[in-house]
Every structure is written in C-alpha cells, then in structure tokens.
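A.B. asks: One-letter residues, chain by chain:
There are 2 protein chains.
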Amino acid sequence: MSKILGVIGGMGPAATVAFLARVQALTPAKGDADHIRVVMDLNPQVPDRNTRPGEAEAVLGQMAERLAAAGAEVIAMPCNTAHAQAGAIRALCAAKGLGFIDMIAATADAAAASGSKRIGVLATPGGERLYAEALAARGIETVLLEGAGREAFMALVYGVKRGDVGEAARAGMSRLAQALLDAGAHGLIAGCTEVPLLLKAENAPVPLRDSAEVLAQACVAACRV
Amino acid sequence: MSKILGVIGGMGPAATVAFLARVQALTPAKGDADHIRVVMDLNPQVPDRNTRPGEAEAVLGQMAERLAAAGAEVIAMPCNTAHAQAGAIRALCAAKGLGFIDMIAATADAAAASGSKRIGVLATPGGERLYAEALAARGIETVLLEGAGREAFMALVYGVKRGDVGEAARAGMSRLAQALLDAGAHGLIAGCTEVPLLLKAENAPVPLRDSAEVLAQACVAACRV
Numbered sequence: 004m005s006k007i008l009g010v011i012g013g014m015g016p017a018a019t020v021a022f023l024a025r026v027q028a029l030t031p032a033k034g035d036a037d038h039i040r041v042v043m044d045l046n047p048q049v050p051d052r053n054t055r056p057g058e059a060e061a062v063l064g065q066m067a068e069r070l071a072a073a074g075a076e077v078i079a080m081p082c083n084t085a086h087a088q089a090g091a092i093r094a095l096c097a098a099k100g101l102g103f104i105d106m107i108a109a110t111a112d113a114a115a116a117s118g119s120k121r122i123g124v125l126a127t128p129g130g131e132r133l134y135a136e137a138l139a140a141r142g143i144e145t146v147l148l149e150g151a152g153r154e155a156f157m158a159l160v161y162g163v164k165r166g167d168v169g170e171a172a173r174a175g176m177s178r179l180a181q182a183l184l185d186a187g188a189h190g191l192i193a194g195c196t197e198v199p200l201l202l203k204a205e206n207a208p209v210p211l212r213d214s215a216e217v218l219a220q221a222c223v224a225a226c227r228v
Numbered sequence: 004m005s006k007i008l009g010v011i012g013g014m015g016p017a018a019t020v021a022f023l024a025r026v027q028a029l030t031p032a033k034g035d036a037d038h039i040r041v042v043m044d045l046n047p048q049v050p051d052r053n054t055r056p057g058e059a060e061a062v063l064g065q066m067a068e069r070l071a072a073a074g075a076e077v078i079a080m081p082c083n084t085a086h087a088q089a090g091a092i093r094a095l096c097a098a099k100g101l102g103f104i105d106m107i108a109a110t111a112d113a114a115a116a117s118g119s120k121r122i123g124v125l126a127t128p129g130g131e132r133l134y135a136e137a138l139a140a141r142g143i144e145t146v147l148l149e150g151a152g153r154e155a156f157m158a159l160v161y162g163v164k165r166g167d168v169g170e171a172a173r174a175g176m177s178r179l180a181q182a183l184l185d186a187g188a189h190g191l192i193a194g195c196t197e198v199p200l201l202l203k204a205e206n207a208p209v210p211l212r213d214s215a216e217v218l219a220q221a222c223v224a225a226c227r228v
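Chains A and B, in that order, are what the protein sequence lines are. Quick note: the first sequence uses this note's numbering, first residue 4, plus one each step. Quick note: the second sequence uses this note's numbering, first residue 4, plus one each step.
No lab work stands behind these hints, which were simulated from the structure alone. No residue lacks a Cβ here, since even glycine has one placed at the ideal position from N, Cα and C. Among the hints, a few may not be true.
Partial list, derived from the structure: chain A residues whose beta carbon lies under 8 angstroms from chain B [what the hints assert, rightly or not]: (1) Gly13; (2) Asp35; (3) Met43; (4) Met157; (5) Tyr161.
Simulated pairs of lysine-lysine, DSS-like, Cα-Cα distance not exceeding 30 angstroms [said to hold, decoys possible]: (6) Lys120(A) with Lys99(A); (7) Lys6(B) with Lys99(B); (8) Lys99(A) with Lys203(A); (9) Lys120(B) with Lys6(B); (10) Lys33(A) with Lys203(B); (11) Lys99(A) with Lys99(B); (12) Lys203(A) with Lys6(B); (13) Lys203(A) with Lys99(B); (14) Lys203(A) with Lys6(A).
Just chain A, with the same shape it has in the complex (with noise of 0.2 angstroms):
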C-alpha cells in the first residue's frame, strides 16, 4: 500500500498534467492497483506569486489544508516559483505531520551530486534566486541569464501557458539553454516546470537536471513504502 500523494498544481495547469504522468512513468506497475493515489487541486487561478505574494501564500495553505482533509499524506508542489510562498504550506504539513517535498532543495540537492560547481538556471526571477541560494549553500556558483535572454525566457514560458510548445519555442530554449553553457556553466537545471515542455534532458547540450522528474522521483520514493 502506498501513501497518498497531494499535488498542489495549476502553476501552470499544463505543467501539472506532465508532472502527473511522469510520476506514473517512474511507478513500477504491472496494473492500475500499483500506481500512487493522487489527491490534486489544479487551481489556476492562484494569485500571482510575483505581484501578489502574501495572497498566494495564503492560498497555496488553503490548498494543502484542502488535500490534506482529503487524504494526502505526502504534499508536492510541482512549481519552482512558487517555492518562494511555500511557507504556509511547511507550518500546516509540520503541524499535520506530513511529508512536504521541497522540489528546489532536492532539485539543488541533485545538481550538486553531479560534482559540478557552475550550474546554469533555467528559471523565472524568483526561481532563480531560490536555486542562487540553494546552490550557494552546496558551494556551487549559479550562472543565470541575463537581459534579452531572461525576457526571452519569460516570453516561452508564457507561450507554454498559452499551449505553444512548437518547433520555434523549443529551438528558442535550446539557444537559452546553450547561453548559459557560453556563460561558464558545465551543468543546467531546469528550474521552472514549463522548461521541460520546450527541453527535455536527453536533448540538452550537457547534463540537465529536470526539477520536474527530481520531484516525480521523490514523490514515488516517498510514497511507495
């Protein structure tokens, strides 16, 4: 029997679905009976985390309070960003005692085992200062990109929110991806959820660490007991 997973998603709701599936990718089953059980609330209309973080914050609380009267045992938040307004999130799963799956400190925690010390970040503004301080914190230099390519970025992801994943979105990632390599970086993370929907690791240029997959792997190693 494995415990209940609760997935606080809608950010964004595309993101959320893929994140869905690749938990059930990294599921050993031979039947539907030996899949995780998903509780989720995909709630897109979440207030925005950079205009509105107060409000988000209490919220993303609400959100796991929710799923947590439904059963969730373990909580996951498949959006890097939003990490930022996690904590009420952390005092309901401490108080509840629940297992709360940090996605950046994992995803961090996953960069670091690969011995690099410049990583490249993929990530919308306030992801990429979580992953500028998570990886300072394991010694590892963050390489981030700068002016037209982190507005480049920003235009892709909400292209993503806007269902264009198309050969000019993804070819636009790769170019971004490949910035951050002629920057000095030796790795890549991919610190925001809509990054995978354009990159996918086996196309990256070098090694990429997916936050997406890190948090599906450990939401299946949480959860399957």
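Take the given structure of chain A and dock chain B to it, following the hints.
C.D. replies: Same frame as chain A, but now just chain B:
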C-alpha cells in the same frame, strides 16, 4: 470565473491524465488563469468494478463526497465501466445540488447525432451493457465484439494499464475496430478510456466517437459559465 470540476479518477491512471490534458486542450485559454480549476482523486485502488461492484460503488461515493468537500461543483468520472456503480455518486450530487456528467449518456447522445443506426462499441463487458442499453433507448442497434475479439480487447486494455501503448497494441486495436465494421457497424464508439490511448479518432476507419473526448467537451461546457 469557471466552476470547479471534480474528477473521480484512477480507472485507469494513464486514462485520467490523458483526460485532464484533453480538458485543457479544449479550454480556450490565453494564460493559466483561463483554465478550469480541477480537484481530483486519482484512486487506482478502487475495488474491482466487475467482481466487487457494491464495494466499488461505496468507495466511488466517498470519493465524490471528498471532492465536494474540496469545492467541486461539477463531477465527472472518466471511466465508462465504473458508471454502472455510479449510484452513490448520483445520490450525493442530487443531495448537494452538484452536476454529474454522465459519460455514457453524453457519448450515446453524440453518437445518435451522427444519424447512424448501427454503432459498434469498443468497451469492457460492463461498458458494453451500459452502451447497449443507452443506444437502444435512442433507437440505435449496438454491434459488439465476440469471442476471441472480446478477449483480445481486454488484453489490450490491461496492456495499456501496464504501460503498453506500442505499435503492436495500436495495430491490434485498429483490427478490432475493423472487426466491428465487418460485422455491420456504420460508426464506432470508443467506450473505454484506454481505447484512445491506442486508437485516435483521426486514425479510425469510420467516424469514432471517443467517450473521453465527449466527456471533456461536456466538462468544459459545464464549467466555463
């Protein structure tokens, strides 16, 4: 603002994820916030609908109750076979004033709209019974697989549940669709949510009403108000 969709899922897990992706694909959206909020219980451990129907009905009713507590206003269950055990769900929705979208009725209506009077149904034995009744009520004759074809169908469905969506499986499902046409069907219903994972409407030899697509369309229509 859209209504919150409650999804009773896990039968099977991959079909539920594919269903969520369809709902998103059918939702006109320029960004995250235009998408429908979805609360879901993906429960791969619902008791077997064929051998333990009473227990299955009770568990499905409890799942609906939890989704209602989590805010669901419209309930959908992307599994045709389980609709034979939807009694407790219907009772709960009636008591709480929630909408329940009947996948069998919606798909039978869509098939009836095509004008065809002999329709082949790819479904489990339980699903076949539900569709035969629903189509008869609409003056349509149902054409079903027999003997070895029926066994081959169930083997393909259980294969999908193990993750087998390979070329041989897809060719096998196409052959079964052709067998229904050879038996006199003028149109087809994919009456099991595993079918579209092997046979897409655009690859079918005649008009194929996909029950998962019909349900997703009905959910978008009911929730985007």
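A.B. asks: Compare the structure with each hint and give your call.
C.D. replies: Do the hints match the structure? See the list:
For glycine 13(A), the suggested interface contact is upheld, since its CB lies about 7 angstroms from the closest CB of chain B, less than 8 angstroms. The restraint placing aspartate 35(A) at the interface with chain B holds, with a minimum CB-CB distance near 4 angstroms, inside the 8 angstroms limit. The interface hint given for methionine 43(A) holds, since its Cβ lies 4 angstroms from the closest Cβ of chain B, which is under the 8 angstroms cut-off. Here the hint on methionine 157(A) is broken, as its CB sits about 12 angstroms from the closest CB of chain B, past 8 angstroms.
Proximity of tyrosine 161(A) to chain B holds as hinted, the smallest CB-CB distance being about 7 angstroms (cut-off 8 angstroms). For the hint pairing lysine 120(A) with lysine 99(A), the CA-to-CA distance comes to about 37 angstroms; that exceeds 30 angstroms, so the pair is violated. Taking the CA atoms of lysine 6(B) and lysine 99(B), the gap is about 15 angstroms. The hint holds against a cut of 30 angstroms. Of the pairs offered as hints, the one joining lysine 99(A) and lysine 203(A) is violated, with about 36 angstroms between alpha carbons and a cut-off of 30 angstroms exceeded.
About 36 angstroms separates the Cα atoms of lysine 120(B) and lysine 6(B), which puts this hinted pair outside 30 angstroms; it is violated. Straight-line distance between C-alpha atoms of lysine 33(A) and lysine 203(B) comes to about 24 angstroms, which keeps the hinted pair within the 30 angstroms bound. Straight-line distance between C-alpha atoms of lysine 99(A) and lysine 99(B) comes to about 29 angstroms, which keeps the hinted pair within the 30 angstroms bound. Only pairs whose Cα atoms come within 30 angstroms are accepted, and lysine 203(A) paired with lysine 6(B) is rejected, the gap being roughly 34 angstroms.
Between lysine 203(A) and lysine 99(B), the direct Cα distance comes to roughly 45 angstroms. Violation of the 30 angstroms bound is thereby established for this hinted pair. For the suggested pair lysine 203(A) and lysine 6(A), the alpha carbons sit about 29 angstroms apart, so the restraint of at most 30 angstroms is met.
In terms of the numbered hints stated before, the structure departs from hints 4, 6, 8, 9, 12, 13, listed from lowest to highest.
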